[in-house]
Amino acid sequence: MKFGQTLRAAQWPPWDEVYIPYKSLKKILKAGAAGEAGFGATEGSFVAKLCDAVSSVDAFFTAQVGLLTRRLAALRTASQVSGAELAAVSEEMDVLCSGVDWLRGYAELNRVAVRKILKKHDKSSQIALTPSLGPWVERRAFASLRGLDALLRAAENFLALLVAPLDGRRSGQAAGPNGAQAACGGAPAAAKVEPPASIVWQPRPRGAEAPRSPSLLVRNVPACVECHRSKTACSGGFPCTRCLRLGKVCVPRQRHKRFRTAACRAGAASVGPSHAAIADEVVEEMRRLEPAAGEPEPGPTALELELEPTAAQSQPSQPSPTPVALQGVVESASHSLPNRAARPGTVQASAAVARPEPFSAVPGVCGPTTWLSGNLELLSAVARMEGEVL
Numbered sequence: 002m003k004f005g006q007t008l009r010a011a012q013w014p015p016w017d018e019v020y021i022p023y024k025s026l027k028k029i030l031k032a033g034a035a036g037e038a039g040f041g042a043t044e045g046s047f048v049a050k051l052c053d054a055v056s057s058v059d060a061f062f063t064a065q066v067g068l069l070t071r072r073l074a075a076l077r078t079a080s081q082v083s084g085a086e087l088a089a090v091s092e093e094m095d096v097l098c099s100g101v102d103w104l105r106g107y108a109e110l111n112r113v114a115v116r117k118i119l120k121k122h123d124k125s126s127q128i129a130l131t132p133s134l135g136p137w138v139e140r141r142a143f144a145s146l147r148g149l150d151a152l153l154r155a156a157e158n159f160l161a162l163l164v165a166p167l168d169g170r171r172s173g174q175a176a177g178p179n180g181a182q183a184a185c186g187g188a189p190a191a192a193k194v195e196p197p198a199s200i201v202w203q204p205r206p207r208g209a210e211a212p213r214s215p216s217l218l219v220r221n222v223p224a225c226v227e228c229h230r231s232k233t234a235c236s237g238g239f240p241c242t243r244c245l246r247l248g249k250v251c252v253p254r255q256r257h258k259r260f261r262t263a264a265c266r267a268g269a270a271s272v273g274p275s276h277a278a279i280a281d282e283v284v285e286e287m288r289r290l291e292p293a294a295g296e297p298e299p300g301p302t303a304l305e306l307e308l309e310p311t312a313a314q315s316q317p318s319q320p321s322p323t324p325v326a327l328q329g330v331v332e333s334a335s336h337s338l339p340n341r342a343a344r345p346g347t348v349q350a351s352a353a354v355a356r357p358e359p360f361s362a363v364p365g366v367c368g369p370t371t372w373l374s375g376n377l378e379l380l381s382a383v384a385r386m387e388g389e390v391l
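With positions in the sequence shown counted from 1, the corresponding number in my numbering is that position plus 1.
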């Protein structure tokens, strides 16, 4: 995922106007790279826009730290004057700690945005801004988290003061009347009291019918993007403990439900026939094609009986007959064979045999059957001559 998309996904909507305008700064860099004049025309606008954005982020961070500090001071004064309940004070402290976490993530996200946009500028321009603007940005309050660490220490001290009396009461209740008697008159210690059977530890039953208490269930929170990418355990907060320790940008990861297809839900039967079913169909087809037992073998068909054996199979080889002048054949003065240089399939004027003249299709005069029956020897002679030419 690109950093621009990560920054957009991690932004809190009420604070959209007080983030580093990473996308706008990238557009200025692209315009300077595409222009003919280079970065000379856009260098000033880029530096001015970046410095204004850094100043706005730093002022907003300082104002939020001051607001949380004043809220903690007011909460401490109210608890000392009116003796507020511990539950209400704890709820206010939870809200304050959540605000501190959000503010820390906001500062870290903007710090990374400034570092990346300066690095992108130095790659495209001949003037490096990181050596000059980098130390100036690191001295800002949002980059060094100045004031936020002090606020966290003050909140921890205040919580320790609130919990200390409660721990003393619990220790006094744990001593019970036996401790009071020992302090007053040195009475003998009471016998050891066995815990009732209702709270004696028992092994948890295994199986599907095991009772599941809501207090024992752990909330299934998806890991952040960085922890999911590195395949490490995530605390589930925002930002998480690992991202705070390593200085990473903590972005919550959304969980998408995977839907199974209809074919997978229906099972393998809906996908197609099994191999056993296909084998059964093949066996049935083979049985159907096999002849039944006791049936005679099929003899020759009527068409096979009508066909006569060929001349090559019925008669032995005989010498070629001498040319005979037949009816319908035009002979030339020369009886020489055609020239080998002539094109196959053509007969020259001096050839010994010419093509038969066209016959009439009128029945009874010279039909196809009559012509073929009277000129078989002519056709065989022509075939032999064409074979010699080829």
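Simulated from the structure, these hints should not be mistaken for lab results.
Careful, some of the hints might be misleading.
Subject to a maximum C-alpha distance of 27 Å in a straight line, what follows is the list of computed DSSO-like cross-link-like pairs (lysine-lysine) [unchecked claim]: (1) LYS249 x LYS120; (2) LYS31 x LYS3; (3) LYS31 x LYS50; (4) LYS124 x LYS50; (5) LYS27 x LYS121; (6) LYS232 x LYS27; (7) LYS50 x LYS27; (8) LYS31 x LYS117; (9) LYS50 x LYS117; (10) LYS24 x LYS249; (11) LYS117 x LYS28; (12) LYS249 x LYS121; (13) LYS27 x LYS124; (14) LYS50 x LYS232; (15) LYS3 x LYS232; (16) LYS28 x LYS50; (17) LYS121 x LYS3; (18) LYS24 x LYS50; (19) LYS121 x LYS24; (20) LYS28 x LYS124; (21) LYS24 x LYS3; (22) LYS24 x LYS117; (23) LYS124 x LYS232; (24) LYS50 x LYS3; (25) LYS232 x LYS249; (26) LYS232 x LYS31; (27) LYS120 x LYS27; (28) LYS28 x LYS121; (29) LYS50 x LYS121.
Going down the list of hints, with the structure as the test:
A distance of roughly 17 Å separates the Cα atoms of LYS249 and LYS120; the hinted pair therefore holds under the 27 Å criterion. A threshold of 27 Å between alpha carbons decides the hint, and for LYS31 with LYS3 the separation of about 16 Å falls inside it, so the pair holds. The suggested pairing of LYS31 with LYS50 holds, with an alpha-carbon distance near 15 Å, which does not exceed 27 Å. The hinted pair formed by LYS124 and LYS50 meets the criterion: a straight-line CA distance of about 19 Å does not exceed 27 Å.
Restraint check for LYS27 and LYS121: satisfied, since their Cα atoms lie roughly 8 Å apart, inside the 27 Å limit. About 31 Å separates the Cα atoms of LYS232 and LYS27, which puts this hinted pair outside 27 Å; it is violated. Between LYS50 and LYS27 the alpha-carbon distance is near 11 Å, which keeps this suggested pair within the 27 Å criterion. For the hint linking LYS31 to LYS117, the alpha-carbon distance of about 15 Å falls within 27 Å, and the restraint holds.
A threshold of 27 Å between alpha carbons decides the hint, and for LYS50 with LYS117 the separation of about 15 Å falls inside it, so the pair holds. Our distance criterion of 27 Å between C-alpha atoms is met by LYS24 and LYS249, whose separation comes to about 20 Å. As the CA atoms of LYS117 and LYS28 are separated by approximately 14 Å, the hinted pair is consistent with the 27 Å bound. A hinted pair counts as satisfied when its Cα atoms are at most 27 Å apart, and LYS249 with LYS121 qualifies at roughly 19 Å.
Taking the CA atoms of LYS27 and LYS124, the gap is near 12 Å; set against the 27 Å cutoff, the hint holds. For the proposed pair LYS50 and LYS232, the alpha carbon gap of about 38 Å is over 27 Å, so the pair is violated. Taken as a hint, the LYS3 and LYS232 pair is honoured in the structure, with Cα atoms around 19 Å apart against an allowance of 27 Å. With a C-alpha separation of about 12 Å, the suggested pair LYS28 and LYS50 falls inside the 27 Å cut-off, and the hint holds.
At most 27 Å may separate the alpha-carbon atoms for a hinted pair to count; LYS121 and LYS3 meet this at roughly 13 Å. A C-alpha spacing of about 12 Å is found between LYS24 and LYS50, which places the hinted pair at or below 27 Å, so the restraint holds. Between LYS121 and LYS24, the direct Cα distance comes to roughly 12 Å. Compliance with the 27 Å bound is thereby established for this hinted pair. With a C-alpha separation of about 15 Å, the suggested pair LYS28 and LYS124 falls inside the 27 Å cut-off, and the hint holds.
With a C-alpha separation of about 12 Å, the suggested pair LYS24 and LYS3 falls inside the 27 Å cut-off, and the hint holds. As the CA atoms of LYS24 and LYS117 are separated by approximately 12 Å, the hinted pair is consistent with the 27 Å bound. A hinted pair counts as satisfied when its Cα atoms are at most 27 Å apart, and LYS124 with LYS232 does not qualify at roughly 32 Å. Between LYS50 and LYS3 the alpha-carbon distance is near 22 Å, which keeps this suggested pair within the 27 Å criterion.
With a CA separation close to 15 Å, the supplied pair LYS232 and LYS249 stays within the 27 Å bound. Among the hinted pairs, LYS232 with LYS31 is inconsistent with the structure: their alpha-carbon atoms are about 35 Å apart, more than 27 Å. Taking the CA atoms of LYS120 and LYS27, the gap is near 11 Å; set against the 27 Å cutoff, the hint holds. Note on LYS28 and LYS121: the hinted pairing holds, with a Cα-Cα distance of about 12 Å set against a maximum of 27 Å.
Distance hint between LYS50 and LYS121 is fulfilled; the C-alpha atoms sit about 15 Å from each other, no more than 27 Å.
The structure shown violates the earlier hints numbered 6, 14, 23 and 26.
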